[in-house]
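Engineer: Here are the chains, one letter per residue:
There are 2 protein chains.
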Amino acid sequence: MKVEHLRHIGKQLFAEIGKTRLKPFTSESLGKGAGGDRTFPIDKKAEDIIISSLQSLNEPLSIISEEAGLEEIKGGGRKVLIDPIDGSKNAITGIPFYCTSIAVSDGDSIGSIFMGYVINLLTGDEFWAEKGKGAFFNGERIYTQKDDIFYLIAYEAQSPKNDIPKIMKLLAEAWRTRCWGAMALDISYLAYGAVSVFVTPSLSRSFDFASGYLLVEEAGGVFTDINGKSIDSVEIGLKRSAPLLASGNKQLHEKALKLLNM
Amino acid sequence: MKVEHLRHIGKQLFAEIGKTRLKPFTSESLGKGAGGDRTFPIDKKAEDIIISSLQSLNEPLSIISEEAGLEEIKGGGRKVLIDPIDGSKNAITGIPFYCTSIAVSDGDSIGSIFMGYVINLLTGDEFWAEKGKGAFFNGERIYTQKDDIFYLIAYEAQSPKNDIPKIMKLLAEAWRTRCWGAMALDISYLAYGAVSVFVTPSLSRSFDFASGYLLVEEAGGVFTDINGKSIDSVEIGLKRSAPLLASGNKQLHEKALKLLNM
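Chains A and B are the protein sequences, given in the same order. When you read off a place in the first sequence, starting at 1, and then add 596, the result is the number in this note's numbering. When you read off a place in the second sequence, starting at 1, and then add 596, the result is the number in this note's numbering.
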């Protein structure tokens, strides 16, 4: 299992799904996926492409995917965490901001992720990271923001009513806020240096942030839960586990934590 | 001056600018534009393409553009309102969500706009509207949301600290919020039916919302200032004029106004 395998899958997804322009609310749900959200044809199509491509590798793998749940190849092995379409709500309403996220782990917790891959399905732009080898955008090394100014704070809120008040003191200090609706892209653009801080007070699932976690770590950023606690030992799986905070560097992270705990 | 002229300009912009991937903060500002924001090379390049294309039409036109300010062709005539790059902050940090917006008016106020055009510079997708003839996405007629549920509320905030509290009661009722950082696209996707309500408590400039205004009106939506007052008589120009509220339909608009005035 190499980055090239994930890139090969990404290119297939971009070719087969990237040109899709869905009209708002014309897509019927196929029911709920293993991750608890509704599955739409676009999610299912992306997942089918990824899983069949992984099967053709002929390696023992344990797949954890938002729609299908758990699936073992050749008796199971390294864990592959898949979010076939991150930003499904954007995708099904025709908003051009969504991606696919794939992460690979040789253990049971977030800390054992050693490869992460995200492809923006609208532009074909790719982000990837390998443990100890750095983070990349279309093949070029990327780094997080260096100074401690809150130029841009990105957030996601599953419940605006409950979530925004929890982070309002932090948002208030941002030059600009963004809520793009695709967590893996929010985090990827943080690794890229375009986002100062990413925060989500809602509980997220490991496949939502697994690849982003490694991208941020390898690009020089900090990624913890919303209280500043390490998420390395968070178990990989389908259940919602942690509210998240990621920052371009330690100074930004400490400033953000202070505001969140005021 | 026909929609085809604007589409021709759009295709040029997409070809020459759409593939640009800027690295965060590597772009030096060229100083402040006529609209008060800083001008970056990408803004200037887009504006140059648009203005030289309009000049070649050989029609009397009065151009009002974010960077160049006022420019008359053949003694001046119909007003053309241009935002060369809407979502400049996204563009200059490498975030793939920005567009060009062009509107044409035969009078001095927003109500006299008779043609609006928006092109998403990342996907090449085009939105346009002609007064009395409807709103279109890539040539297909589009309509705003029909029911009165706040599925998705999009907002922009020039100052998160001042602006978000003003709209918090409305945001709290949304199933999801979005802040994409490109007002003309926010409004275009409302005309498309993907956004229930768009709100910005900051004062906006006429070229920021001119094309979106016609798109929403022609797609069946409602577009006023944040207090529900008509913006038809708002003067076209470079100065910041109105905080805005747009909704998919009258019921959504009334519900939103009630929450904003609580």
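If you are wondering where the hints come from, they were derived from the structure by calculation, not from laboratory data. Be aware that one or more of the hints could be misleading.
As the list makes no split between identical chains, a pair holds if one copy fits it or if it spans any two.
[Unchecked claim] Cut-off 25 Å, straight-line C-alpha distance, at most; resulting in silico cross-link-like pairs (BS3-like, lysine-lysine):
no., residue 1, residue 2
1, K835, K640
2, K685, K742
3, K607, K619
4, K835, K757
5, K619, K640
6, K854, K757
7, K762, K615
8, K729, K615
9, K615, K641
10, K825, K641
11, K846, K757
12, K619, K729
13, K757, K742
14, K598, K640
15, K619, K846
16, K765, K685
Engineer: None of the hints should be skipped; say for each whether it holds.
Structural biologist: Structure-based check of each hint:
no.	hint	verdict
1	K835 / K640	within (19 Å within a copy, 48 Å between copies)
2	K685 / K742	between (32 Å within a copy, 18 Å between copies)
3	K607 / K619	both (24 Å within a copy, 22 Å between copies)
4	K835 / K757	within (23 Å within a copy, 34 Å between copies)
5	K619 / K640	within (18 Å within a copy, 33 Å between copies)
6	K854 / K757	both (22 Å within a copy, 17 Å between copies)
7	K762 / K615	neither (37 Å within a copy, 38 Å between copies)
8	K729 / K615	neither (32 Å within a copy, 28 Å between copies)
9	K615 / K641	within (14 Å within a copy, 27 Å between copies)
10	K825 / K641	neither (36 Å within a copy, 46 Å between copies)
11	K846 / K757	between (29 Å within a copy, 23 Å between copies)
12	K619 / K729	between (41 Å within a copy, 21 Å between copies)
13	K757 / K742	between (33 Å within a copy, 24 Å between copies)
14	K598 / K640	within (24 Å within a copy, 42 Å between copies)
15	K619 / K846	between (42 Å within a copy, 22 Å between copies)
16	K765 / K685	between (27 Å within a copy, 23 Å between copies)
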